[in-house]
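J.: Since the structure of chain A is already known, use the hints to place chain B on it.
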Amino acid sequence: MSHFHLMVLYAFLVGLFFSLLWRRKRRAQVKLFLQVFLGMILGGVLVAWLMYPFPGQPPAPFP
Amino acid sequence: MASRQKTVGDAPTGKKPWIAALSAWLIPGGGHLYLGHRGRALGFLAIFLACLWIGCDLDGQLATWASSQPLSPLRVLGLLDSWAMGVSYFLLTKVVHYQGVATAPGFEYGSTFLVTAGLMNVLLILDAWDLAHGRDRAELAGN
Numbered sequence: 001m002s003h004f005h006l007m008v009l010y011a012f013l014v015g016l017f018f019s020l021l022w023r024r025k026r027r028a029q030v031k032l033f034l035q036v037f038l039g040m041i042l043g044g045v046l047v048a049w050l051m052y053p054f055p056g057q058p059p060a061p062f063p
Numbered sequence: 064m065a066s067r068q069k070t071v072g073d074a075p076t077g078k079k080p081w082i083a084a085l086s087a088w089l090i091p092g093g094g095h096l097y098l099g100h101r102g103r104a105l106g107f108l109a110i111f112l113a114c115l116w117i118g119c120d121l122d123g124q125l126a127t128w129a130s131s132q133p134l135s136p137l138r139v140l141g142l143l144d145s146w147a148m149g150v151s152y153f154l155l156t157k158v159v160h161y162q163g164v165a166t167a168p169g170f171e172y173g174s175t176f177l178v179t180a181g182l183m184n185v186l187l188i189l190d191a192w193d194l195a196h197g198r199d200r201a202e203l204a205g206n
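Here the protein sequences line up with chains A and B, keeping their order.
Take this note's numbering: the last position of the first sequence gets the number 63, and nothing is skipped along the way.
Take this note's numbering: the last position of the second sequence gets the number 206, and nothing is skipped along the way.
Here chain A stands alone, though its shape is the one from the complex (with noise of 0.2 Å):
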């Protein structure tokens, strides 16, 4: 699995336990699901392209 499959699978898992604890009505559960999985993946990406210009390593010499 990649690493953006791992993410995206755990934003599942813990988008569908919030929506499970903290809703009743299934269309608040569905809601909440989507605002937590969607945040986490878009949040994700969003840190991801953030950290891009600050790479770990240095750049590959010109050859």
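There could be a bad hint or two in this list.
Incomplete in silico selection of chain A near chain B, CB under 10 Å [as the list claims (entries may be wrong)]:
1) M1
2) H3
3) L9
4) Y10
5) L13
6) L21
7) W22
8) R24
If you anchor each label on the Cβ, the simulated ranges turn out as follows [as the list claims (entries may be wrong)]:
9) A167(B) with G39(A): 24 to 30 Å
10) G197(B) with F54(A): 49 to 55 Å
11) H5(A) with H160(B): 26 to 32 Å
12) P168(B) with L50(A): 23 to 29 Å
13) W49(A) with A129(B): 37 to 43 Å
14) V150(B) with Q57(A): 41 to 47 Å
Simulated from the structure, these hints should not be mistaken for laboratory data.
Built from N, CA and C at the ideal position, the CB exists for glycine as well.
T.: Below, chain B without anything else, positioned relative to chain A:
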């Protein structure tokens, strides 16, 4: 028609809160099962087991007690998180003798899933305690 404002208050359920909390600690979802919320109990158990399974499959770290290792605040938190898993922690450490592999490619991800499983159960224990006291905050908030 004037709407009646709901307030949080205790409504007797006839269930003992300490049994609900203890059941929730031992088996994730056990407290909710004791309180009669079967569907949610099964859902919580399934989610917990999924996190546990994925965490172990990725060889994540499960914090265990080792007297040779110093007790740092983070380590204490890690131990409390692991112990919060209840019977699962006992089965993993004493029966299966599970140990994470620090050099495994999925080690960090696996550790994240395992920590999350423990934290989820902490929330389940608190929720079962509240429900046993008749404090269903989601219901009272109209959710």
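J.: Could you run down the list of hints and mark each one as holding or not?
T.: Here is how each hint holds up against the structure:
1. Here the hint on M1(A) is kept, as its CB sits about 8 Å from the closest CB of chain B, short of 10 Å.
2. Against a cut-off of 10 Å between C-beta atoms, the interface hint on H3(A) holds, since the closest Cβ of chain B lies about 8 Å away.
3. At about 7 Å, the closest approach between the beta carbon of L9(A) and any beta carbon in chain B falls short of 10 Å, and the interface hint on this residue holds.
4. A cut of 10 Å between beta carbons decides the hint on Y10(A): the least distance to chain B is about 7 Å, and the hint holds.
5. A least Cβ separation of about 6 Å between L13(A) and chain B falls short of the 10 Å threshold, and the interface hint therefore holds.
6. The closest approach between the C-beta of L21(A) and any C-beta of chain B is roughly 6 Å, which is under the 10 Å cut-off, so the hint is satisfied.
7. Taking 10 Å as the C-beta cut-off, the interface hint given for W22(A) holds, the closest approach to chain B being about 5 Å.
8. Hint status for R24(A): holds, given a least beta-carbon distance of 5 Å to chain B, under 10 Å.
9. For A167(B) paired with G39(A), a C-beta distance near 29 Å keeps the hint of 24 to 30 Å intact.
10. Checked against the hint of 49 to 55 Å, the C-beta distance between G197(B) and F54(A) comes to roughly 51 Å, which is consistent with it.
11. The beta-carbon spacing between H5(A) and H160(B), approximately 29 Å, falls within the hinted interval of 26 to 32 Å.
12. P168(B) and L50(A) have their C-beta atoms about 25 Å apart, which keeps the hinted 23 to 29 Å range intact.
13. Between W49(A) and A129(B) the CB atoms are about 40 Å apart, so this pair conforms to the stated range of 37 to 43 Å.
14. Our hint of 41 to 47 Å for V150(B) and Q57(A) holds, since their Cβ atoms are close to 44 Å apart.
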